[in-house]
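Peer 1: Here is how the chains run, residue by residue.
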Amino acid sequence: EDKVVQSPLSLVVHEGDTVTLNCSYEVTNFRSLLWYKQEKKAPTFLFMLTSSGIEKKSGRLSSILDKKELFSILNITATQTGDSAIYLCAVDRGGGSNYKLTFGKGTLLTVNP
Amino acid sequence: ETGVTQSPTHLIKTRGQQVTLRCSSQSGHNTVSWYQQALGQGPQFIFQYYREEENGRGNFPPRFSGLQFPNYSSELNVNALELDDSALYLCASSLGRTGELFFGEGSRLTVL
Chain A
1186 EDKVVQSPLS
1196 LVVHEGDTVT
1206 LNCSYEVTNF
1216 RSLLWYKQEK
1226 KAPTFLFMLT
1236 SSGIEKKSGR
1246 LSSILDKKEL
1256 FSILNITATQ
1266 TGDSAIYLCA
1276 VDRGGGSNYK
1286 LTFGKGTLLT
1296 VNP
Chain B
-7 ETGVTQSPTH
3 LIKTRGQQVT
13 LRCSSQSGHN
23 TVSWYQQALG
33 QGPQFIFQYY
43 REEENGRGNF
53 PPRFSGLQFP
63 NYSSELNVNA
73 LELDDSALYL
83 CASSLGRTGE
93 LFFGEGSRLT
103 VL
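Chains as they are written, first to last, in this note's numbering: chain A, 1186 to 1298; chain B, -7 to 104.
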């Protein structure tokens, strides 16, 4: 059975801090790993990673994948209160005709002013 | 905003009842996937519909069923509701079966 484990489950930081969120996975026929931000209800897409060692960046957020050790990290630098959210990691199993994501439980990030 | 709309946003049912949740996909998207997110958990895949046919199913019993219409909108039906069915039900549309998912705001179901 596919498995995605995120750590920590929750994290409280102060504005300006840098945070690192972790995601480890076990999946048959790995195709991609995705990060989502969930503020209230709808998860919004952050990154899709398919290749090891290539960092993806978007503003203060960045992410990298290690396919040998089966994990990914999401970094957020100079955190702001608007970064407070649940960050979800998901993996997509390839080899099929559908796009079924297996999600972790998420990391609840709280950024205090 | 993703252009994916779901209704109703909130509803309360009692055990044993049936519920229908609706989803309108983003314009041009022909694939809809449904996920269940219980409190404190990540979303779990229920099933996917592509061109009006079920195209993959997660580990959910047959009382969870769905439909996709010619305009690519979709319904999720749950019969014989149980307390554990209380969750946020998320719909996501995509262009094609392996396209990027765009999530709606979800329907929060409470079963008493």
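Possibly wrong hints are sitting among the right ones.
Below 25 Å or equal to it, Euclidean Cα-Cα: the simulated PhoX-like pairs (lysine-lysine) are [said to hold, decoys possible]:
1) B/K5 with A/K1225
2) B/K5 with A/K1226
3) A/K1226 with A/K1290
4) A/K1253 with A/K1188
5) A/K1252 with A/K1242
6) A/K1242 with A/K1290
Derived by calculation from the structure, the hints in this document are not laboratory data. Just so you know, these numbers come straight off a predicted model, no measurement behind them.
Peer 1: Compare the structure with each hint and give your call.
Peer 2: So, going through the hints one by one against the coordinates:
Restraint check for B/K5 and A/K1225: satisfied, since their Cα atoms lie roughly 22 Å apart, inside the 25 Å limit. For the hint linking B/K5 to A/K1226, the alpha-carbon distance of about 20 Å falls within 25 Å, and the restraint holds. Straight-line distance between C-alpha atoms of A/K1226 and A/K1290 comes to about 14 Å, which keeps the hinted pair within the 25 Å bound. Only pairs whose Cα atoms come within 25 Å are accepted, and A/K1253 paired with A/K1188 is accepted, the gap being roughly 16 Å.
Of the pairs offered as hints, the one joining A/K1252 and A/K1242 holds, with about 18 Å between alpha carbons and a cut-off of 25 Å not exceeded. Between A/K1242 and A/K1290 the alpha-carbon distance is near 23 Å, which keeps this suggested pair within the 25 Å criterion.
Of the numbered hints stated above, none is contradicted by the structure.
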